[in-house]
Amino acid sequence: MSHSLNRTTCEEAFRRLDDFLDRRLPHAEMHLIEEHLEICAACAREFTFEASVLTGVRQKLRQLSVPPDLMARIAAQIRAAGEGGPTPESP
Amino acid sequence: MLEQPSPAARSASPAQPLCPPADFEPLFAAVAGTAFGIAMRLTRNQADAEDLVQEAALLAFRAFASFEPGTNFRAWFFKILTNCYFSKRRREKSRPVTSDLDDTPDLYLYARSAEAGFPTQGPDPAAQLLDRLGTERVVAAIARLPEEYRVVSTLYFMEDLSYEEIAEVLGCPIGTVRSRLHRGRKMLQKALWLVAEESGIVTRHAIGGAQ
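In order, the protein sequence lines correspond to chains A and V. Under the numbering used here, think of the first position of the first sequence as 1, with each following residue one higher. Under the numbering used here, think of the first position of the second sequence as 92, with each following residue one higher.
Honestly, I wouldn't trust all of these hints.
Pairs of lysine to any residue, SDA-like flavour, derived with a Cα cap of 25 Å [unchecked claim]:
id: 1; chain 1: V; residue 1: Lys277; chain 2: A; residue 2: Glu34
id: 2; chain 1: V; residue 1: Lys277; chain 2: A; residue 2: Arg24
id: 3; chain 1: V; residue 1: Lys170; chain 2: A; residue 2: Gly82
id: 4; chain 1: V; residue 1: Lys179; chain 2: A; residue 2: Ala80
id: 5; chain 1: V; residue 1: Lys170; chain 2: A; residue 2: Arg45
id: 6; chain 1: V; residue 1: Lys170; chain 2: A; residue 2: Glu34
id: 7; chain 1: V; residue 1: Lys170; chain 2: A; residue 2: Leu70
id: 8; chain 1: V; residue 1: Lys170; chain 2: A; residue 2: Arg23
id: 9; chain 1: V; residue 1: Lys277; chain 2: A; residue 2: Pro67
id: 10; chain 1: V; residue 1: Lys277; chain 2: A; residue 2: Ala81
id: 11; chain 1: V; residue 1: Lys277; chain 2: A; residue 2: Ala75
id: 12; chain 1: V; residue 1: Lys170; chain 2: A; residue 2: Ala80
id: 13; chain 1: V; residue 1: Lys179; chain 2: A; residue 2: Ala81
id: 14; chain 1: V; residue 1: Lys170; chain 2: A; residue 2: Asp22
id: 15; chain 1: V; residue 1: Lys179; chain 2: A; residue 2: Pro67
id: 16; chain 1: V; residue 1: Lys277; chain 2: V; residue 2: Asp142
id: 17; chain 1: V; residue 1: Lys170; chain 2: A; residue 2: Arg62
id: 18; chain 1: V; residue 1: Lys179; chain 2: V; residue 2: Thr294
id: 19; chain 1: V; residue 1: Lys170; chain 2: A; residue 2: Ala81
id: 20; chain 1: V; residue 1: Lys170; chain 2: A; residue 2: Glu11
id: 21; chain 1: V; residue 1: Lys179; chain 2: A; residue 2: Arg23
id: 22; chain 1: V; residue 1: Lys179; chain 2: V; residue 2: Asp194
id: 23; chain 1: V; residue 1: Lys277; chain 2: A; residue 2: Leu17
id: 24; chain 1: V; residue 1: Lys277; chain 2: A; residue 2: Leu70
id: 25; chain 1: V; residue 1: Lys179; chain 2: A; residue 2: Ser65
id: 26; chain 1: V; residue 1: Lys170; chain 2: A; residue 2: Arg73
id: 27; chain 1: V; residue 1: Lys170; chain 2: A; residue 2: Met30
id: 28; chain 1: V; residue 1: Lys277; chain 2: V; residue 2: Thr226
id: 29; chain 1: V; residue 1: Lys170; chain 2: A; residue 2: Leu17
id: 30; chain 1: V; residue 1: Lys170; chain 2: A; residue 2: Leu54
id: 31; chain 1: V; residue 1: Lys277; chain 2: A; residue 2: Arg62
id: 32; chain 1: V; residue 1: Lys277; chain 2: A; residue 2: Arg73
Calculated from the structure, these hints are not laboratory results.
All chains should be modelled from the sequences, with the hints used to inform the complete structure.
Shown next as structure tokens:
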């Protein structure tokens, strides 16, 4: 029952933080942590902060596009290799 | 109907085409953006990243007959990409591993943010600090991680690969992926804070608690 959660459960919840954020826990454990976060404001703040760091880093790292000439070079290289023609040797 | 040879038979005769070469380009095009992003994080500079993606693409194309249609192309390609990177690295002198991130305590960024007056509450509490840092500095922070953590973290952040897929790409056990990822996250938090300090986003002064 959620009202029986105590300090030990905070520690247990924290030990599962990464696995919880990555949804790596069995369904029942996911549910237990969710329940704990509903009643424990301190843990909820920490978990939300950690999730926010992961999301933010992910968003920042993905803001990068492929240089267009790289795609053109690769396409040319692959076509040459496919036709059995001369293929530029990799360095 | 074509009979599917067993994986063992396929590897024994790699010349037997399973995937028509023409199928390669669209599959590659779909993962190229992420592949380049990963290569940038691994090599830490654009020229090397371009070389790496180009080399991996050619290797993948030549090995395309061994790719089983309908299976996970991106994991297959990222495995070739990371293998390419590691074999290039072996040819170079390995850099000494920095260990100033080794002892990062839990919730490092949370504690530091609270001390420095950045938000620690709300729906997206780290957003303000990360936005102040911007993409370049976040990239610089991940570049500081020791290689084994940087590679796993890069695969994790750049693409929604599962632990299983990352393990497949790197050819290591899932437990290794999990432990490196968890430790890598802690290191990254300290690296982000160090970058924030060095760029003047936060002031560097000794506060009790987290080192």
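Right, here's what the structure says about each hint:
no. : hint                  : verdict
1   : V:Lys277 <-> A:Glu34  : holds (23 Å)
2   : V:Lys277 <-> A:Arg24  : holds (18 Å)
3   : V:Lys170 <-> A:Gly82  : holds (22 Å)
4   : V:Lys179 <-> A:Ala80  : holds (24 Å)
5   : V:Lys170 <-> A:Arg45  : violated (37 Å)
6   : V:Lys170 <-> A:Glu34  : violated (35 Å)
7   : V:Lys170 <-> A:Leu70  : holds (20 Å)
8   : V:Lys170 <-> A:Arg23  : holds (24 Å)
9   : V:Lys277 <-> A:Pro67  : violated (32 Å)
10  : V:Lys277 <-> A:Ala81  : violated (44 Å)
11  : V:Lys277 <-> A:Ala75  : violated (39 Å)
12  : V:Lys170 <-> A:Ala80  : holds (24 Å)
13  : V:Lys179 <-> A:Ala81  : holds (22 Å)
14  : V:Lys170 <-> A:Asp22  : holds (22 Å)
15  : V:Lys179 <-> A:Pro67  : holds (22 Å)
16  : V:Lys277 <-> V:Asp142 : violated (31 Å)
17  : V:Lys170 <-> A:Arg62  : holds (19 Å)
18  : V:Lys179 <-> V:Thr294 : violated (39 Å)
19  : V:Lys170 <-> A:Ala81  : holds (21 Å)
20  : V:Lys170 <-> A:Glu11  : violated (37 Å)
21  : V:Lys179 <-> A:Arg23  : violated (35 Å)
22  : V:Lys179 <-> V:Asp194 : violated (30 Å)
23  : V:Lys277 <-> A:Leu17  : holds (12 Å)
24  : V:Lys277 <-> A:Leu70  : violated (34 Å)
25  : V:Lys179 <-> A:Ser65  : holds (24 Å)
26  : V:Lys170 <-> A:Arg73  : holds (21 Å)
27  : V:Lys170 <-> A:Met30  : violated (31 Å)
28  : V:Lys277 <-> V:Thr226 : holds (19 Å)
29  : V:Lys170 <-> A:Leu17  : violated (28 Å)
30  : V:Lys170 <-> A:Leu54  : holds (24 Å)
31  : V:Lys277 <-> A:Arg62  : holds (20 Å)
32  : V:Lys277 <-> A:Arg73  : violated (38 Å)
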